[in-house]
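A.B. asks: Sequence:
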Amino acid sequence: MRISTLLLNHTSPSLSSLDIPTGRLKMDLLLPRRQKEKVLIVMGATGAGKSKLSIDLATRFPAEVINSDKMQMFEGLDITTNKITEAEQCGILHHMLGILSPNAEFTAANFCEVASLAVESTLSRGQLPIIVGGSNSYIEALIDDKDFIFRKRYDCCFLWVDVSMPVLHSFVSDRVDRMVQNGMVEEVRNIFDPKADYSKGIRKAIGVPEFHQYFKEEPFLDEENREKALKKAIQEIKDNTCELACRQLKKIHRLRTVKGWNIHRIDATEVFRKRGKAADEAWEKRVVVPSTTLVAEFLYNFVSMEVPSSVADIRDYIAQCLVA
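Everything in the sequence shown is counted per our numbering, starting at 27 for the first residue and increasing by one.
Watch out, some of these pointers could steer you wrong.
Okay, derived cross-link-like pairs now, DSBU-like style, lysine-lysine, Cα gap no bigger than 35 Å in a straight line [what the hints assert, rightly or not]: (1) Lys-62 <-> Lys-300; (2) Lys-172 <-> Lys-62; (3) Lys-276 <-> Lys-178; (4) Lys-285 <-> Lys-254; (5) Lys-172 <-> Lys-226; (6) Lys-221 <-> Lys-277; (7) Lys-78 <-> Lys-178; (8) Lys-172 <-> Lys-277; (9) Lys-62 <-> Lys-277; (10) Lys-64 <-> Lys-221; (11) Lys-221 <-> Lys-264; (12) Lys-303 <-> Lys-78.
Pair by pair, the computed Cβ-Cβ distance ranges are [unchecked claim]: (13) Arg-179 <-> Phe-241: 44 to 50 Å; (14) Lys-258 <-> Asp-173: 45 to 51 Å; (15) Arg-291 <-> Arg-179: 23 to 29 Å; (16) Ser-147 <-> Ala-338: 19 to 25 Å; (17) Gly-117 <-> Arg-312: 21 to 27 Å; (18) Ser-147 <-> Lys-242: 24 to 30 Å; (19) Lys-178 <-> Asn-208: 42 to 48 Å; (20) Lys-62 <-> Arg-280: 22 to 28 Å.
Think of the hints as simulated: they come from the structure by calculation, not from any bench. For glycine and all other residues, C-beta sits at the position ideal for the given N, C-alpha and C.
Working from the sequences, and respecting the hints, build out all of it.
C.D. replies: Now the structure itself:
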């Protein structure tokens, strides 16, 4: 379901295409001329649902996604770095996924340069850039550059998908177990090097250094001790992922309270307490509807007198605005 009925029937863009597909309405046809272009930034701790929300929004607005997760910029280790799959991308054009060789050096300054080009490229096709990822230091470097060029050029809307830490930690633990089931151990084993430098490139990713000792000892262990060593490595991955989530949360709080960023908090905790259809319904109500409302306000200067109860309500209102 989309914000405008004008957008309901379209051809999804090819991942390799650089052109607007036939039938996909450009942003400049929807929006009045303005001095600043608009950019959406989706933030949150690892596992909170940032990628899922970016897809939900990009299938409701004409948009493309720009990755800002450090590790997902490297080629390889798709399971370990939790890259969004092609199927999960739902035909939405994604930028800066798997663009770097595994041992490449890539700084915040490099990110700012490449991300700025991706933003310009996206806007040139009449699409809304959605920057999404957990590397808040990269996002901060981009938004608050030395001369505040980015802010002078673009209007920014910040969405923060927040989940209570105890609830998120439980989810992250389960997610690591699913990653192991999906082949993470073998994936990391394929790049194992006993002399590897874990301070650069994709080997910095959580899930790689934790397996180092296990892979070194594995050939010399009996089955029982091998199982214990594996469980220890997996627990370290869970602990380090939870610590990462806490650091990410602290950075978002600092950007919000110290630097004064106007970051809209979307509480997704209830979603993570549910399962199956109930979780899907909670995601729609608690995350998608308020996020879509905020983005509609940001893009179309739409202010609702009543809190919408569904995306359909927002869609109908915006459709009326566009034909008014």
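A.B. asks: All hints are to be evaluated individually against the structure, with a verdict given for each.
C.D. replies: Going through the hints against the structure:
no.	hint	verdict
1	Lys-62 <-> Lys-300	violated (40 Å)
2	Lys-172 <-> Lys-62	holds (19 Å)
3	Lys-276 <-> Lys-178	holds (26 Å)
4	Lys-285 <-> Lys-254	violated (45 Å)
5	Lys-172 <-> Lys-226	holds (26 Å)
6	Lys-221 <-> Lys-277	holds (33 Å)
7	Lys-78 <-> Lys-178	holds (29 Å)
8	Lys-172 <-> Lys-277	holds (19 Å)
9	Lys-62 <-> Lys-277	holds (27 Å)
10	Lys-64 <-> Lys-221	violated (46 Å)
11	Lys-221 <-> Lys-264	holds (24 Å)
12	Lys-303 <-> Lys-78	holds (16 Å)
13	Arg-179 <-> Phe-241: 44 to 50 Å	holds (47 Å)
14	Lys-258 <-> Asp-173: 45 to 51 Å	holds (48 Å)
15	Arg-291 <-> Arg-179: 23 to 29 Å	holds (26 Å)
16	Ser-147 <-> Ala-338: 19 to 25 Å	violated (32 Å)
17	Gly-117 <-> Arg-312: 21 to 27 Å	holds (26 Å)
18	Ser-147 <-> Lys-242: 24 to 30 Å	violated (44 Å)
19	Lys-178 <-> Asn-208: 42 to 48 Å	holds (44 Å)
20	Lys-62 <-> Arg-280: 22 to 28 Å	holds (25 Å)
Hint check: violations occur at hints 1, 4, 10, 16, 18; the rest are consistent with the structure.
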